[in-house]
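Q: Here is how the chains run, residue by residue.
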Amino acid sequence: MGIRIERVSKRFSDYPALDGVSLEIAAGEFVALLGPSGSGKTTLLRILAGLEIPESGRVYFGDRDVTDTPASKRGIGFVFQHYALFGHMTVAQNIAFGLSVMPRRQRPSASEIKRRVEHLLALVQLPGLDSRYPSQLSGGQRQRVALARALAREPEILLLDEPFGALDAKVRRELRGALRTIHEELGVTSVFVTHDQEEAFALADRVAILNLGKVEQLATADAIKAHPATDFVREFITE
Amino acid sequence: MRAAALKAPLGTRAVLMLVALTYVGVMLLLPLGAVLFEALRKGIGLWWAAISDPDARSAIRLTLIVAAISVPLNTVFGVAAAWAISKYNFPGKGLLVALIELPFSVSPVVSGLVFVMLFGANGWFGPWLEDHDIQIVFALPGLVLATVFVTFPYVARQLIPLMTVQGRAEEEAALTLGASGWRTFLRVTLPNIRFGLLYGVLLCNARAMGEFGAVSVVSGHIRGETNTMPLHVEVLYNDYNFVAAFSVASLLALLALVTLALKSALEWRYRAELEARR
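Going line by line, the protein sequences match chains G and X. In terms of the numbering used here, the first sequence has 239 at position 239, counting the first letter as 1, and numbering is strictly consecutive. In terms of the numbering used here, the second sequence has 123 at position 123, counting the first letter as 1, and numbering is strictly consecutive.
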C-alpha cells in the first residue's frame, strides 16, 4: 500500500515541527527519513502512525484518507526506538497482543495464534524464546521481538522509529540485514527514521532528507550523492 | 566516596544506632505495646465484651461502610487523575497537582468544618436539604464526604511519579497494535501499576479507617449511629471506660500492623519488579 502525504504541518508550542511537508511513497518501497535532531522526521513518522495529529494537511494510505483515523484503526506496524515491549508479558504474549485484541469474530483461534507466533519468531530468528520475559533478553533480541509483534497483524505499512538507535554496532548490522530481508519477503511498505546517513543509504530504496520541518530532497542514495538538491543536503552528506 | 562515608568510627555508629532504636522504641513501639497491654490487662473476656458491645459493633460496621465507599471512590479518581497528569499535557495541570495535595496541608478539623458550612442546618445548602428531607451532616453521607476529602491524595500521589517514569511508549505500542483505549488501560497500564496501586489503596484504607479530626466534626457523636471506631474510642475514654477504649483501640492498632506488613510485602515485590524492568 502506498502512502501520500499532502502539505502536512505541525507546531510544537513555538517552533514548527513540520512545515507543509508533501511526500509520496510507492507500495512496497523502503524509505528512510533522514535528518538532524529537531528536523521533524520522528514527528512525521508519528503522524503516519496516528500518534500525533497534524494541524493541517492530509495523509492517505492508498486511496484511503486516514488523517482522522485513530492509531488503533490504521492497520500499521510500529517499531519504537526503545522497544516498548510489555514488561509483564512473555515474548509469545507480546507478539500475540495485536491478534488477541481483535474483535472476537475476526480473531484467530488460540491454536492459529500460537502457530503465527512461532512463524514470526522464526522470521525474526528467535525460535524457542516464546516463554521468556523481555527483561531476560538482550537489546537486539528485544528489538527482534518488537519487530515480530509489529508484523503479527500482517500490516501493509511498517513504521520504524530509529529502530537500531539503542543497539551497538555489531547487533545493528545484523538487525539491518534481517530487516531488509523481511521487508523483501513480505513486500510491506516500510518507512524508517534515522539520523545515521550510512544506515539510510545502505538500507533504503529512497531517502528523504529533512531539515527544520521541510523535506529538502527525496531520492535514491546515488541521486542524492550525485546531485544534492540544496546546500543543506550537500553539507549534510559530506559531514 | 560512598565507602569512605560509611566508614564512620565504630563508636559513632553504635551511638547513632542506639539513639535511633531508642527513639523508635519509646515513640512508636511503647505506645503501640501499651495499647495492646491495656486492652488485655483485665483478660481476654473483657476485651471481647468491649468489642462485641452493640455500640462498638455499630462503630466497627460504620467504619467498614465508610471505608468501603470512600476507598473505591478515591481509587477510581486517583487512577484517572494520575493517568491524565502523567500521560498528557493540558492547561491547568500544575493546578490539578497542587489541588490533589491540598488535603495533606489542610487541618482535618477544617476539612470537616467545610462540610458543616456547606451542608449543615445553617450552611449554604442547609435549608434546601432540609426541605427535601436529605441529611448529610451528622449522618453517613457527611462521614463519607469528610473521609473522601481527607484520603483524596493517597492513590493519586502514589501513582503519578510511577506512571510518569513509565511514560507512554507501551500504551502507544498497544494502540498501534489495534487495541482500544479501554483495552490498553486494562491490559497494559493496569498491570504496569498494579503494585503501586495496591500500595496506594492500602494507605488510603488505613487513613480512611483511622481518620479522626474531620470525621469528628461532621459525625455528631450519636452512639450506635454516627460514631466510627476512632470516635467510639474517644467516647469510651471520656467515660473513664479505659479497658473498653483500649480494646477498640487495639483493633485500630492491629489494622496499622496489618497495613505495615502488607506494605512491606508489597514494597519487596514491587522493587523486584521495578529492577527487572531495567
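Since the hints were made in silico from the structure, they are not lab data. Note that beta-carbon positions come from the ideal geometry of N, C-alpha and C, so glycine has one too. Warning: the hint list may mix true and false statements.
Quick list of in silico lysine-lysine cross-link-like pairs, DSS-like style, CA-CA up to 30 Å [as the list claims (entries may be wrong)]:
1) Lys73/G to Lys87/X
2) Lys214/G to Lys225/G
3) Lys214/G to Lys87/X
4) Lys225/G to Lys170/G
Partial pick of chain G residues on the chain X-facing surface, computed with a CB cut under 8 Å [what the hints assert, rightly or not]:
5) Ile53
6) Ser72
7) Gly98
8) Pro127
9) Gly128
10) Arg153
To list a few chain X residues with every Cβ distance to chain G over 12 Å, as calculated [stated by the list, open to error]:
11) Arg13
12) Trp128
13) Phe149
14) Ala169
15) Ala179
16) Val188
17) Gly224
18) Tyr240
Q: Give a verdict on every hint.
A: Hint check:
1. Lys73/G to Lys87/X: Holds. Lysine 73/G to lysine 87/X sits at ~21 Å (cutoff 30 Å).
2. Lys214/G to Lys225/G: Holds. Lysine 214/G to lysine 225/G sits at ~19 Å (cutoff 30 Å).
3. Lys214/G to Lys87/X: Given pair lysine 214/G, lysine 87/X holds - Cα atoms ~29 Å apart, limit 30 Å.
4. Lys225/G to Lys170/G: Distance of about 26 Å is within 30 Å: holds.
5. Ile53: 13 Å, violated
6. Ser72: Given a least distance of 5 Å, the restraint on serine 72/G holds.
7. Gly98: The hint holds - glycine 98/G has a Cβ within 8 Å of chain X, the shortest such distance being about 4 Å.
8. Pro127: Hint on proline 127/G: violated, closest Cβ of chain X at ~22 Å, above 8 Å.
9. Gly128: 21 Å, violated
10. Arg153: 6 Å, holds
11. Arg13: 37 Å, holds
12. Trp128: Holds: least Cβ distance 44 Å, greater than 12 Å.
13. Phe149: Answer for phenylalanine 149/X: holds, closest chain G Cβ roughly 34 Å.
14. Ala169: 4 Å, violated
15. Ala179: 4 Å, violated
16. Val188: Since the minimum Cβ distance to chain G is about 6 Å, valine 188/X lies within 12 Å and the statement is violated.
17. Gly224: It holds; glycine 224/X is separated from chain G by about 47 Å at its closest Cβ, greater than 12 Å.
18. Tyr240: Holds: least Cβ distance 55 Å, greater than 12 Å.
When each numbered hint is compared with the structure, violations occur for hints 5, 8, 9, 14, 15, 16.
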